[in-house]
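Engineer: Here is what each chain is made of, one letter per residue.
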Amino acid sequence: MNWIEIFRSGLSTGTVLLIASIGEILTERSGIQNLGVEGMMLVGAMAGFKIALQTGNVWLGLFAAVIAGGLLSLAHAVVTIHFQADQTVSGLSLTFLGTGLALVLGDGLTGQVAPVIPRASIPLLSQIPYLGPVAFTNHNLLVYFGYLLVPLTWYYINKTRPGLHLRAVGENPAAADTLGVNIYRTRYLYTFIGGCFAGLAGATISVAIAPGWYSNLTVNGQGWIAVALVIFAHWNPWRAALGGYLFGVLRRFTLDLQGPRMIFGLANPFFFNTNLVFFLQMAPYILTIIALVWGSSAARKKRIGSPSALGIPYQRGERGL
Amino acid sequence: MKIPYPVFLKRHEDTPKWLPVVTSVAAVLLAFIISGIILAATGANPFKVYSYFFKASFGSWGAFSDVIVKATPLLLIGLGCALAFKMRLWNIGAEGQFFVGAFMASAVVMVPLVNLDTTPRWAIISLMMVLGMAGGALYGLIPGILKAKLNINEVIITLMLNYIAVLWNNYWIFGAWSEAGFQMTKTFPRSAWLPRLADYAAKVPAFSGMTAHAGIFFGIIAAIIIYQIIYRSKWGYKITLIGDNPKAARYAGIDITRNTILVFMVSGALAGLAGMTEVSGVVHRLQERISTSYGFSGVIVAWLAKLNPFAVIVVSILFGALLVASREIQPSGISFLIQGITLFLVISSDVLLKYEIKWVRPTQETAQ
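If you're matching them up, the sequences are chains A and B in order. Numbering that gives the first Met the number 0 applies: residue 0 is where the first sequence begins, and numbers increase by one. Numbering that gives the first Met the number 0 applies: residue 0 is where the second sequence begins, and numbers increase by one.
Next up, chain B with everything else stripped away, as it sits in the complex (with noise of 0.2 Å):
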């Protein structure tokens, strides 16, 4: 391939394993560096700022379970992600599909739906999942229908029901379901709430205070299961294909109308699933503003970690880090620009996993 310039791509015969992780690492940093010189420019001491951040959210045990807390929303959202990013669906909806979700949860003890009283707590929270899960996947389910029947944008069409389902939630939490007249539902009861760390400080003295709950292991699990279904399961190897080669896999008599709605619903099941987690295990009752913006960071996450569910977990955790930090840092923009031009650099990166570059010399092209 040949581009105006003095460089020469050539295709990657073999893409070496260790590339995709240096070139994310690389574009991390690289990231850092330049939202330092934009830091810098705005007047602020950037080697301050960072310290900061790294103190903030991996200073303490403290520190790390608050990253632990924030890491769980991203990295059930991004597992979402990765797998319909994996067949090239670009559900950007994760944010929608969040509100839903914890709204769906939220309905188990509002409504309620059982008994609060009586019920067993895992019988409640059992529930709760099931039904986050569900109102994720069903809200997923309106753009899978849009995209795989009538060919409709999804980014636009999840984008705007991202809008539509921060809209629903408030209209529950400002009316039928306000506190008192403040704009959130009341407390749930304890068993309702995911088991935290902290719970168990009575026996293990250094987990009082710490906040970090059972959601991670729900996202751990859903990596391992999300890493069997893309890469070890004839599903998987579907939507590889379909994500790849449109065109040979509806040769290969692949279904791709079915798949696109099922992706899109298992991605909003999962995103779902996180809402349920924020509302049952951080903030015990609907409110406003329990996403910051976990549905974006969620699609930035499946991109740097190349798709890979377990990589999904570490990135998750770094940007878990990032949130805490930039919760008390000024000026407030400074994550989403870190997040942006990080995103920016991992996909100008991937070039480099295509194709070698090469300078060529005037002179030897004319050469040639």
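This is chain A alone, in the form it adopts within the complex (with noise of 0.2 Å):
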């Protein structure tokens, strides 16, 4: 078994999870929860290869993806912000919307082939020992976006006004009005940007980590787990991120398992029987359960909650929390 390329392959699959969860946890900072991550990430990836392999230009791809993203969530934002309507069943129906659109807009887009994010080694840092062949040998560049990402959000949420002003209207919604932070903005803004950045994680898939069209199992999920690491993540970037990156090692390491006949000096039970493969299929998701369990028990012990206003509509006059 390769561990660098285990740790190699990770890191640049974990970078859709991370893209993904850091969008979800803008979005929930200001008190909406957006379950459709799922739904956008399908509209993005397909929007994403779509466009590149309509122009022929991959970055007009990925801002198609983006946009396609943002445009998707502002349903959301609609219906949970104005329409009050509760938010796990306007998300659910996203994911619907967006499979739905996706599915009937990526109509014969299978099989084609697009053009993909260029590769990029990182002068300097590439000649660190196993660090270097890890994170800055022959990356698309969304994985290096993604490193850039997560100090970003965190500088942003916890050390600059807009992120106090979106902090608290996420906490304490009529508090904030009362300073005249406009909590129907926010809200709108945090949402777009959060679908955006789905829209963006979906055409990371499409585009660079695993170039094509497969229709729903472009995606197969990993929206879900998204959402899931935000929880686990307690809403910090660089939790999301541990997170993210752990998810893509485990992913390719039950991949790897399957290959050798002995493995730490025993015969390697994954190879003598293949259908034991289901079981290693199920991996990720189980994780995601333990990670679900651990990360709010773990929260619950360091009183780390969630966003209080998560999930309440904002009503202006009526008695809030």
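Derived by calculation from the structure, the hints in this document are not laboratory data. Glycine included, every Cβ here is placed at the ideal spot set by N, Cα and C. Just to be clear, a hint being listed does not mean it is correct.
As the list claims (entries may be wrong) - Distance condition first, Cα-Cα at most 25 Å in a straight line; then the derived BS3-like pairs of lysine-lysine:
1) B:K305 with B:K16
2) B:K148 with A:K301
3) A:K301 with A:K158
4) B:K237 with B:K305
5) B:K148 with A:K300
6) B:K246 with A:K300
7) B:K305 with B:K353
To be verified - Listing some non-contacts, in silico: residues in chain B with all C-beta distances to chain A over 10 Å:
8) D198
9) L317
10) F335
Hey, can you piece these two chains together into the complex? The hints should help.
Structural biologist: So, in structure tokens, the structure goes:
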């Protein structure tokens, strides 16, 4: 088993979860829970691939994916912010809507080949032993974007004025309102931004990590894992990065586990009984459940809660929290 | 309530009885119109698609029998969802509970748990029903406990369990239960089949070739029971109270933990029964793709029916028609699209149930 390759590929596939979770963290910090990440990612993956194919320009594809994810999220924003619909049901219908849209508009894309995001190595950093070949060699550019995204988002949320407003709106909208923060506008904005990130995450799959359009198998549940990661991450970008990359590594590890005859000096059961592969495929989903249980009990111990106003519609003048 | 728009929402004193029906019907119609526009944009002719839709689902008795076949699992799952949603428990795991129910029912034949040659048909079928329901209930127990004891988001847990259940079934049909290397079990013996209309073709020739099976009666009986539970029983009152106002329910001394687990189990049992009817009534073996995302469509069915068990019957037949028609239609995502748009419109229209919308002219506002 090639550990360098496992970790390298883990960072690359983990980028998808990382980008989607960071978008969802921003949305949830404003008090809106958007469970439609899976649908927005599918639309992003479809739009990114389709536009890259049609224009021959992968960057235009990426841009289209971002806009497509953002536009779709506005449906959720209108329904939950203005119509005060239940955010769970709305998020769920967004997944349906996104899946349907992506399948209808992506009809006939399967099997085509579109341009992909270029790869690059970072000079000097790629020379570091172990870390260099794992993290800085021959990755697609979005992986490096992911590295930058984590500290930037953390800084934005915790150290800047708009970040303060964002947290205030999610924790105590009534107080934020009295200070002159526009609750509706803030929530619309961050729902939109979350959608943009989800769209980007989808395109990260279809034009960079596993290029191509394979109908709804393109995303295959990663949107839901990203939502779970947000809870595991306690709404903190650093922990989201940790969780995302860890999932990426485990994904690749379970794939590679089927290769060798012997593993750690023992006969490898996954080599001799190919049907056991179904249990390996369960691993990400079981891990998600474990991460959720672990994450939420740790949060309870440390008294870290979800944003206080998460899931509660804001009505000016009515008694809130 | 004021929102930054020239409209004014006034809470309804009393929602008129006809309003939910009107908004639901309007939502479905509007969903078809919007999907038609999207279809037209992709180059298809929406009128052709829709007239084909109608012919493929209601064009003949045979087609309608197919609709009933598709409506059966939707009805059972929709009822389970309606009960859970009444308590604001988001059981999105019907898909997984359906697969586990199908697996447990198949185990009766595949292990086999009873002697299939000597045991009477009613006993085999009853055992399959009981095990199917037990499987679904146990699979619903997992998110039930996690939700009740640890307050973990049940949407994500149930979704993850869906993927796990499908893989679990794959393990058996690719491996130990595989028939000659195909990804399916052997065909069940006749004694494990639910009675179908076609079985009575000797007496009623018109029934020949009709595949509608007894499962629909389970669905209708379940609808009556769930209706009695929600609207006529003390337990239903507790469920509704917890859903509407958990704080008040807690002050009233209602055990929320226990009810959460119970409702999840009943909801799962219904989905498990749906899985049983599918293997015993339709495909007569365990195989891949026994569900065309019934679990998710069931969610929409329940919501569109406004959680009313009898309305679930009507809506599941409509959605059964949608599934039958969309089997042969391209592009394949069109039924998802219509379902998604419908659900969105339904939840948006809920605002009309709660509020009257009044337009306010800016001059009026300044005058106030």
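Engineer: For each hint, tell me whether it holds in the structure or not.
Structural biologist: Results for each hint:
no.	hint	in the structure
1	B:K305 with B:K16	holds (12 Å)
2	B:K148 with A:K301	holds (18 Å)
3	A:K301 with A:K158	holds (22 Å)
4	B:K237 with B:K305	holds (18 Å)
5	B:K148 with A:K300	holds (15 Å)
6	B:K246 with A:K300	holds (23 Å)
7	B:K305 with B:K353	holds (13 Å)
8	D198	holds (36 Å)
9	L317	holds (16 Å)
10	F335	violated (3 Å)
Consistency note: the structure conflicts with earlier hint 10 alone.
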